[in-house]
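Work out the full structure, taking the sequences as your base and the hints as a guide.
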Amino acid sequence: MPLLFFPARAEVLPEPLGLVLVLASWNFPISLALDPVIGAISAGNTVVLKPSELSPASSSFLANTIPRYLDSAALKVIEGGHDAAEQLLQQKWDKIFFTGSSRVGRIIMAAAANHLTPVTLELGGKCPTILDSLSISDLEVAIKRIVGGKWGLCSGQACIGIDYVLVEEKFASILVELLKKCIKAFFGDSMPNLKNLCRIVSKSHFDRVSNLLGDPRVAASIVHGGSWDEQNLMIEPTILLDPPLDADIMSEEIFGPLLPIITLNKIEESIEFINLRPKPLAIYAFTKNERFKKKLLSETSSGSITFNDAVVQFVADSLPFGGVGQSGFGRYHGKYSFDTFSHEKAVLQRSFYLELEPRYPPWNDFKLDFIKLAYKFDYLGLLLLLSGLRRIFKRSN
Amino acid sequence: MAFFDAAAMMKGLRGAYASGKTRSYEWRVSQLKALLKLMSFHEKEIVDALRSDLSKPELESFLQEIALLKESCGLALKELHRWMAPEKVKTMMTTFPSSAEIVPEPLGVVLVISAWNYPFLLSLDPVIGAIAAGNAVVLKPSEISPATSSVLAKLLGQYMDCSAVKVIEGAVPETTALLEQKWDKIFYTGNGKVARIVSAAAAKHLTPLVLELGGKSPVIVDSNVDLKVAARRIIAGKWGCNNGQACVSPDYAITTKEFAPDLIDTLRSELEKFYGKDPLKSNDLSRIVNSNHFNRLSKLLDDDKISGKIIHGGQKDIANLKIAPTILLDVPEDSLIMEEEIFGPLLPILTVNNVEDSFNIIKSKDKPLAAYLFTNNKKLKENFIRNISAGGLVINDTTMHLAVPTLPFGGVGESGMGAYHGKFSFDAFSHKKAVLLRSFAGDLSSRYPPYTPKKLNLLKALVNGSLFGILRALLGWHD
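Residue numbers (the numbering used here), protein chains in the order written: chain U, 1 to 397; chain Y, 398 to 876.
Any given hint could turn out to be false.
[What the hints assert, rightly or not] Distance condition first, Cα-Cα at most 27 Å in a straight line; then the derived DSSO-like pairs of lysine-lysine: (1) K670(Y) to K367(U); (2) K851(Y) to K195(U); (3) K266(U) to K418(Y); (4) K475(Y) to K434(Y); (5) K92(U) to K144(U).
[As the list claims (entries may be wrong)] Taking CB as the label site, the calculated pair distances span: (6) D623(Y) to G80(U): 56 to 62 Å; (7) Y848(Y) to N211(U): 29 to 35 Å; (8) L853(Y) to Y69(U): 23 to 29 Å; (9) K601(Y) to N211(U): 24 to 30 Å; (10) E540(Y) to K203(U): 37 to 43 Å; (11) S298(U) to K551(Y): 33 to 39 Å; (12) I594(Y) to D207(U): 35 to 41 Å; (13) K76(U) to T803(Y): 36 to 42 Å; (14) I758(Y) to T65(U): 39 to 45 Å; (15) D402(Y) to S60(U): 35 to 41 Å; (16) D402(Y) to T65(U): 36 to 42 Å; (17) H82(U) to I758(Y): 53 to 59 Å.
[Unchecked claim] Chain Y regions said to be covered by chain U (calculated; three or more residues, Cβ under 8 Å): (18) 555 to 565; (19) 618 to 629; (20) 828 to 839.
Because the hints were derived from the structure by calculation, they are not lab data.
No residue lacks a Cβ here, since even glycine has one placed at the ideal position from N, Cα and C.
Here it is as structure tokens:
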């Protein structure tokens, strides 16, 4: 601080925002409900949690169990769908934390605007995975991580799940072969013998995902899977090779067990490919090329970027978790959760002595000179000014 | 209808940003240095513009606008390397082996909408942050301070890289056209009403915001203080800050019934020392910015509910848009002057029985941008700091926290969201990207299906950090 301020003490004090609303999603219905709530509580707020109605059993569990363990005067669970959400959004909250789609994110933000309520929006996007050329042993690990990062995560219904893969054309066929093998090892042969896989959450999402395959050009690009069991809302792990880029499957977030593989001439083209599209929540890059890594890091933008793995950044508590652009704004996890539900209040303490006269009117040239010099930390100049000598020096210049 | 093509302008800016030039350290430094140059070489022009728009005294123009900006620029230049550097963070057992860092990157193309009361400072201070963070930026100065708006357009046009730093002058049609575009961030300084319009526009594109608004910033004056110093600091923060037209000016004061006469006497005598017997003739007071605001403030004084409560000042000069420093005593809570932010040279003083009662008054209103307390009572200080929520608090002074670059400057609740100044400006215009580097070695097969009870036990033990549990799981013992 400039000497003008001496003596003073400055600090930043975190304080709760007040009454906050957490709107959770259905795909990780327990963690996406309670993780933000943990942040809200640790920051000292009172909380209303609205779990998603698309995951009714979890919603019910939360509504019944939380009041048994937590102070229900300060943490309430409100169950319900659109109507409940609409009513809640009409209230004046001190913060709203929303996890879900961009479409609903806009509605939330517009409602928050009426009350100038700050929001954190954890949205999604199409998380690309870049697969560079690797040694066989590394490739085997990469394949496992890709299969795990796609279908091992709620059957592809995850905001940070792998949406599509970018690979050089010459590796496409070996990639497909290895993926098929791994899928078989992890999940079983084919319908109806599939295990270790989530189903699609609801009929309407099932229709949405299966309709992506309705486009005949897309159906023609299927190289594995493609069948489904409508009664049980199961869709088989499906791989597509170069579906048309203007089809829905390549313009919307898939949020399901369909994996498009897009081939490129050279892997570096993946940067341009990604940059032509909205900023994703996460980018995954399997590569050992240090130069390529640096280029990716500085030339693409995403909520996060993980090298040589997928999804695990979610459990790294020292890293902020959140999106940018269409994938959202704000962040949480670890201390970021506490911060996101806090107001950082600036506190400055001054004392009464050491008053600085030139601060006050009536102003004249002397005081103006004094202030200017003090601001420049020009203490010699100040001394000269005070002793009346500076004027003489100034005029002689 | 706006006379400029906002969409075409955006296309140009996006092209400039996509070329990568704003991201380089060199570009950012060159632009920050250009700002410093423009401020040094054209100081007189800036001071003249501020005098034209607000009759702002030269010392205020220097101290509260130019000096602060030079500081801000200088700090950014000095610290930019450090601010741009990735931050290594600890990793945990759950992602072992790995390394992690947080890398700041620009958001892209950002919009800064400025206000009329500190038209130079509130335009360029956010722009400094935007440029330091590597963004392309459009500045829309307020049309209510037209001389400064014009000087900004001219000087930035001359000194800055116009492909990536633009000034768009204008009023509602131009602002509306700008708000229809998709920005990567919008930084707005102004009032709550327009902030809601800006927020609604931002919601359409999921654009994140910083809103620097205002409110009724209270000042509590305890007895047992150095009254002369306190009074001077209150006067400096109120009438010495653009004649009360500042978001952090003390809006109203609260003191005990017992102490009020002393406070009022000291305020009156210091006011006379500062501004003379006829303050309407003093050159050290800003005028009211325009007739709209002059009429607004006159209405507050004409309110029936406060008749007889004016105990000092109240003189007006409509031709020169001047209102003298005015003090009112014990106005009713439901008077106009207590309902909205005054933003002018009127200071209501409310009295209470005990100084602690003042906290309830403050808490009954929206959270202000700032709150001030003059006291030597340690317990009262602590109580105030802990229990009064506001953007920022100052003990034993007013408004100074603005000038401390290590303190975040911003509001909460109705007074705004987000913060800036110092590194907070850089952060406000950055995305902090999380980067996790993993290796192929040490792959944990328990992550992958087929899921077995043994795998589940091992993972549970790992998450719980229980060495014994890990051993048990590896040896195949189940619960």
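Hint check:
Between the alpha carbons of K670(Y) and K367(U) the distance comes to roughly 15 Å, so the proposed pair stays at or under 27 Å and holds. Taking the CA atoms of K851(Y) and K195(U), the gap is about 17 Å. The hint holds against a cut of 27 Å. The straight-line distance between the Cα atoms of K266(U) and K418(Y) is roughly 25 Å, inside the 27 Å bound, and the hint therefore holds. At most 27 Å may separate the alpha-carbon atoms for a hinted pair to count; K475(Y) and K434(Y) meet this at roughly 16 Å.
A hinted pair counts as satisfied when its Cα atoms are at most 27 Å apart, and K92(U) with K144(U) does not qualify at roughly 46 Å. For D623(Y) and G80(U), the hinted distance range of 56 to 62 Å is satisfied, since their beta carbons lie about 58 Å from each other. The supplied range of 29 to 35 Å is met by Y848(Y) and N211(U), whose beta-carbon atoms lie about 30 Å from each other. In this structure the hint that L853(Y) and Y69(U) lie 23 to 29 Å apart at CB holds, the actual value being about 24 Å.
Checked against the hint of 24 to 30 Å, the C-beta distance between K601(Y) and N211(U) comes to roughly 27 Å, which is consistent with it. The hinted window of 37 to 43 Å between E540(Y) and K203(U) is violated, with their beta carbons roughly 54 Å apart. In this structure the supplied range 33 to 39 Å holds for S298(U) paired with K551(Y), their Cβ-Cβ distance being about 35 Å. At about 38 Å, the beta-carbon gap between I594(Y) and D207(U) stays in the expected band of 35 to 41 Å.
In this structure the supplied range 36 to 42 Å holds for K76(U) paired with T803(Y), their Cβ-Cβ distance being about 38 Å. About 42 Å separates the C-beta atoms of I758(Y) and T65(U), a value consistent with the hinted range of 39 to 45 Å. For D402(Y) and S60(U), the hinted distance range of 35 to 41 Å is not satisfied, since their beta carbons lie about 54 Å from each other. For D402(Y) and T65(U), the Cβ-Cβ distance of about 57 Å falls outside the hinted range of 36 to 42 Å, so the restraint is violated.
Separation of H82(U) from I758(Y) is about 40 Å and departs from the stated range, judged on CB atoms against 53 to 59 Å. Coverage of the stretch 555 to 565 of chain Y by chain U is violated [criterion: at least 3 residues with CB-CB distance below 8 Å; count 0]. Check result for the stretch 618 to 629 of chain Y against chain U: holds, 5 residues qualifying (beta carbon to beta carbon below 8 Å, three or more required). Taking a C-beta to C-beta cut-off of 8 Å, the stretch 828 to 839 of chain Y contributes 10 residues in contact with chain U, enough for the three needed, and the coverage statement holds.
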